[in-house]
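Novice: Listed below are the residues making up each chain.
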Amino acid sequence: MNDPTTTILFVVILLNFFLLGTSRLGACIRVVAAQGALLSILPPLVHGVSPHSLLLAAVALALKGGTIPWLLFRAIRQVKIRREMEPRIGYIATLLLGALTTAGAFIFAERLPLLPEHLHSLFIPASLATMAVGFLLLITRRKAITQVLGYLVFENGIFIFGILLAEAMPLMVEAGVLLDMLVAIFVMGIVMNHINREFSSLDTENLCLLKE
Amino acid sequence: MLGSLFMHLLVVLTLSPLLAGIIARVKAKVGGRQGQPLLQLYWDLAKLFRKRMVISSTTTWLFRAGPVVGIAVPLLASLLLPFGPLAAPLSFSGDLILFVYLMGLARFFTILAALDTGSSFEGMGSAREATFSILVEPTIFVIFIVLARLSGDFSLNGMFVPVKAGFNTPAGIAMSLAILCLFIVMLAENCRIPFDDPNTHLELTMIHEVMVLDHSGPDLGLILYGAAMKLLLFAALIANLLRPATGNLLLDTGAFLVLLLLLAVLVGLVESAMARLRMIRVPQLLIGTSLLSFFALILLLR
Amino acid sequence: MLLTSLIVIPLLGAAAALAMPSERLRPWLLPPVAFIHLALVLAVIAAPAVSTGAAMLELDGLGRLVLLVVSLLFAVSSLYAVGYFHNHPDWTNRTFVTCLLIFLSAMTVAAAARHLGLLWVAVEATTVASAPMIYFNHNRYSIEATWKYLLFCSVGIALAMLGILFLAYAGLHGGATEQSLQLDFLLQQAPLLSKPWLRVAFVFLLVGFGTKMGLAPLHTWKPDAYGEAPGLAGALMSGGLTSVAFLAVLRVVQIVKGAGEAELANQCLLGLGLTSLFIAAVFVIRQRDIKRMLAYSSVEHMGILAIGVAVGGLATYGALFHVMNNALAKGSLFMSAGNIHRYFGSKKMCETQGAINVLPWSASLFLIGFLAVTGSPPFGAFLSEFTILRGIFGSGHNVLGLAFIAFLTVIFIGMSHTVVTVALGPPLEQAPSAEPQVGEGFLTVLGPLVLLGLVLLLGFYLPEPLRRLLTEAAALLEVQT
Numbered sequence: 001m002n003d004p005t006t007t008i009l010f011v012v013i014l015l016n017f018f019l020l021g022t023s024r025l026g027a028c029i030r031v032v033a034a035q036g037a038l039l040s041i042l043p044p045l046v047h048g049v050s051p052h053s054l055l056l057a058a059v060a061l062a063l064k065g066g067t068i069p070w071l072l073f074r075a076i077r078q079v080k081i082r083r084e085m086e087p088r089i090g091y092i093a094t095l096l097l098g099a100l101t102t103a104g105a106f107i108f109a110e111r112l113p114l115l116p117e118h119l120h121s122l123f124i125p126a127s128l129a130t131m132a133v134g135f136l137l138l139i140t141r142r143k144a145i146t147q148v149l150g151y152l153v154f155e156n157g158i159f160i161f162g163i164l165l166a167e168a169m170p171l172m173v174e175a176g177v178l179l180d181m182l183v184a185i186f187v188m189g190i191v192m193n194h195i196n197r198e199f200s201s202l203d204t205e206n207l208c209l210l211k212e
Numbered sequence: 213m214l215g216s217l218f219m220h221l222l223v224v225l226t227l228s229p230l231l232a233g234i235i236a237r238v239k240a241k242v243g244g245r246q247g248q249p250l251l252q253l254y255w256d257l258a259k260l261f262r263k264r265m266v267i268s269s270t271t272t273w274l275f276r277a278g279p280v281v282g283i284a285v286p287l288l289a290s291l292l293l294p295f296g297p298l299a300a301p302l303s304f305s306g307d308l309i310l311f312v313y314l315m316g317l318a319r320f321f322t323i324l325a326a327l328d329t330g331s332s333f334e335g336m337g338s339a340r341e342a343t344f345s346i347l348v349e350p351t352i353f354v355i356f357i358v359l360a361r362l363s364g365d366f367s368l369n370g371m372f373v374p375v376k377a378g379f380n381t382p383a384g385i386a387m388s389l390a391i392l393c394l395f396i397v398m399l400a401e402n403c404r405i406p407f408d409d410p411n412t413h414l415e416l417t418m419i420h421e422v423m424v425l426d427h428s429g430p431d432l433g434l435i436l437y438g439a440a441m442k443l444l445l446f447a448a449l450i451a452n453l454l455r456p457a458t459g460n461l462l463l464d465t466g467a468f469l470v471l472l473l474l475l476a477v478l479v480g481l482v483e484s485a486m487a488r489l490r491m492i493r494v495p496q497l498l499i500g501t502s503l504l505s506f507f508a509l510i511l512l513l514r
Numbered sequence: 515m516l517l518t519s520l521i522v523i524p525l526l527g528a529a530a531a532l533a534m535p536s537e538r539l540r541p542w543l544l545p546p547v548a549f550i551h552l553a554l555v556l557a558v559i560a561a562p563a564v565s566t567g568a569a570m571l572e573l574d575g576l577g578r579l580v581l582l583v584v585s586l587l588f589a590v591s592s593l594y595a596v597g598y599f600h601n602h603p604d605w606t607n608r609t610f611v612t613c614l615l616i617f618l619s620a621m622t623v624a625a626a627a628r629h630l631g632l633l634w635v636a637v638e639a640t641t642v643a644s645a646p647m648i649y650f651n652h653n654r655y656s657i658e659a660t661w662k663y664l665l666f667c668s669v670g671i672a673l674a675m676l677g678i679l680f681l682a683y684a685g686l687h688g689g690a691t692e693q694s695l696q697l698d699f700l701l702q703q704a705p706l707l708s709k710p711w712l713r714v715a716f717v718f719l720l721v722g723f724g725t726k727m728g729l730a731p732l733h734t735w736k737p738d739a740y741g742e743a744p745g746l747a748g749a750l751m752s753g754g755l756t757s758v759a760f761l762a763v764l765r766v767v768q769i770v771k772g773a774g775e776a777e778l779a780n781q782c783l784l785g786l787g788l789t790s791l792f793i794a795a796v797f798v799i800r801q802r803d804i805k806r807m808l809a810y811s812s813v814e815h816m817g818i819l820a821i822g823v824a825v826g827g828l829a830t831y832g833a834l835f836h837v838m839n840n841a842l843a844k845g846s847l848f849m850s851a852g853n854i855h856r857y858f859g860s861k862k863m864c865e866t867q868g869a870i871n872v873l874p875w876s877a878s879l880f881l882i883g884f885l886a887v888t889g890s891p892p893f894g895a896f897l898s899e900f901t902i903l904r905g906i907f908g909s910g911h912n913v914l915g916l917a918f919i920a921f922l923t924v925i926f927i928g929m930s931h932t933v934v935t936v937a938l939g940p941p942l943e944q945a946p947s948a949e950p951q952v953g954e955g956f957l958t959v960l961g962p963l964v965l966l967g968l969v970l971l972l973g974f975y976l977p978e979p980l981r982r983l984l985t986e987a988a989a990l991l992e993v994q995t
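Protein sequence lines, in the order shown, are assigned to chains P, H and C.
Residue 159 in the working numbering sits at position 159 of the first sequence; the count goes up by one each step and never skips.
Start counting at 1 in the second sequence, then tack on 212, and there's your number in the working numbering.
Start counting at 1 in the third sequence, then tack on 514, and there's your number in the working numbering.
Looking at chain P on its own, in the form it has when it is part of the complex (with noise of 0.2 Å):
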């Protein structure tokens, strides 16, 4: 129980709930980064240091600590906003929602049928908690870039999952998972460029043109 490994997934979880109590995109981005930054670090340290680990922990590092924030930074500046106005619920309001979501994974997670090994780490509920709130960026924020946040923090919470299992994914496999993101942001980005050209501005909410 006393490893390295509880109190990266507990400041994992805490910077879920700084994502969701600021408005700073700029803070924002940098959360997520650490946050991808921080869990590349738990493959060597949960299989040990094997060239497997280590090449995942790098190209882990590489994209969700280096490469997506940039984007998302280049994103931004040539975008030039800085905050998100007006969530569709408020902060106060999204972070206690985080945090009886983050309670519910903790109480649901010990409820599941797991391996002895894991059922009293804190990898299934920070996995779980952490996809939540990614879900509520996703749903509760108007601005294209934040919901582009939510998204990765939501796969964040996959990556946690995932390195449970890290012997069942080949390397290739792995580093086509995270090479895929990398693309599918460098799209979105692109597309983040159109929506602010079109519309002067990042809200979705002006992307309601196409209904019945």
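Among the hints, erroneous ones may be present.
[To be verified] From the structure, some residues in chain P lie toward chain H, with a derived Cβ separation under 7 Å:
| no. | residue |
| --- | --- |
| 1 | ASP3 |
| 2 | PRO4 |
| 3 | ALA99 |
| 4 | PHE106 |
[To be verified] To spell it out: a stretch of chain P is covered by chain H in this simulated footprint if at least three of its residues, at any positions, have a beta carbon under 8 Å from a beta carbon of chain H; those stretches are:
| no. | segment |
| --- | --- |
| 5 | 7 to 13 |
| 6 | 118 to 131 |
Rather than coming from a laboratory, the hints here were simulated on the basis of the structure.
Since the model is a prediction, treat every value here as computed from it, not as a measurement.
C-beta atoms are modelled at their ideal positions from N, C-alpha and C, and glycine is treated no differently.
Take the given structure of chain P and dock chains H and C to it, following the hints.
Specialist: Same frame as chain P, but now just chains H and C:
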């Protein structure tokens, strides 16, 4: 029993103005100023107690009661707390609730005294003080529950013992969260930056200071003294958790006192590094803090 | 080896397209690549299947079927694309052509993937590669469609990833000594998988890949994306991409059935299938936008596929056959709809009335394509839908069978109003659009014509190798006990 009672009162009465002096000195040093002497508050108190009072004719006995309760309560509460290796003279299971409500009582009387003057500024300050204290209270309770759960004891004397849990365990994390939350609570309860600025001179932005504007002379002295004691109490809560446990009485007491002073330095540093929060951001921070404490509880309960 | 070249050749083509400076010549890259791909696919399919049991890439019956459909559709689309861009020499097509080829490569990987992780990577790659194709028109509508498509499908696919991880955990929890997400391995280990985790995994995977497939109620991106994408992209997505996503769902169904949880899989698929039919029936009536109408028709057909697989037996065979018919017919419809859209500069029913007077070929192809896709005899879709119905009634699901017929009838009637008005209605007085009108060219008519011809052919004559392929694929989906 009597010996420890005497020791506790001695520590609270003599040491508390020193902490305020340290904070002011650290802020001055960081700001590049010489600053007031470390013992300034002692001289201030001595001066105030020699003066005569001006009491507004619209006030009633409530106005006088505020400062008296304001000094009586911290003295009483200090008896519930252990000071390092010195066990609390007054201790029973569940005294944590008494501790929280003693603090509430002091605030209640301060607010009443402020409202008694009939000044609009003081009413405004009271409203803010009441709001923020409501937001702080759940945090304190949740932290106390966390500590009670960790130690298995429901008295402050048994709860506030040095931390034994390793850092990377859920218990250790919950403990560090609890300490962090206690520190924030200390800042909020004692009206320090980033919640309130004790040195502010603009009535509109004041919270605590505006409530005591009408007090003067010995009454003001009592209020200042009481506030300094309250700061000491909260610092003592944290120092109890952080202090090393060697078993040697003198060494442990020394470490405890040094930790108290270090906490005052830390408060000074925080005050120099941060600006005061906008009023609307304060509830957000306080709610965030209570969420943190709540999270610490979840970590323990699973 | 052949398989690797199937994946690499389109990628090389994409690189060439990216590097090629000439806007006029670039689309001409598509047909050679597409036809080499088709020839290689036919060669692969003709070769006997060898199963090594642990490969990452291998083609079983299902993979072959889907790959054949995709490759065929892409080959025809490549001709259409040449004609399409020939009519619009002023449009930049670098991104579009490059993405088309990457899209083909990703779909090939998905069809051949034997590892669930790889399958996931390929399916997500199709999302990313197709997003720029939807945004081809660069206007407010298409950007909205692209954003919705990207976000919906990415999140949906992320859920599928979670499902895959849950599946791996089911193996871990079930006590398997070895860990892998390789399909043969999983099928072999299926009875050992921990049941609660397997069920959760199935639901997540179904939701994830079902989003990509466009099963209601996860279809909301579909009308927008298909409506705003150029007809060519619509054809490839509604015919090829949905088949690939369907294949991904089938892979999961295979595992779940192997683990003895066929009942859960069937009920979930049946539920989603019926919802899809219902939603399609509701929205197709009085649908004024021809491309959105086609999108809802696509939702309907995904529902038919899901129901077919859920019922099992003969209906599974019918559903697999229907994959082929639907892909070809839908491809043809989107291409002819694209021609109509380009000529009138609109895809609204009221602005494209009487298309037959100006676009005799495209309008009649649109009309006949509608008959083919709704399952009117003598087209292949009739045969496949009829087979599914026989399967439904044969297995005693009489109420389901009747509901199925009722929904299909409503959808037929709903679509017919729009289609007949567009094709045969009274022509408008003046051209509604100020843009130069683009008539139909040889290649832009040839594409839908060939596809319709193939659907018609399938209605009369099912080649023996294809029949064997279908039987083989259907057998993979039966419970192996």
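Novice: Confirm or reject each hint.
Specialist: Hints, verified against the model:
no.	hint	result
1	ASP3	6 Å, holds
2	PRO4	6 Å, holds
3	ALA99	4 Å, holds
4	PHE106	5 Å, holds
5	7 to 13	holds (count 3)
6	118 to 131	holds (count 3)
Going through the hint list in order, the structure satisfies each hint without exception.
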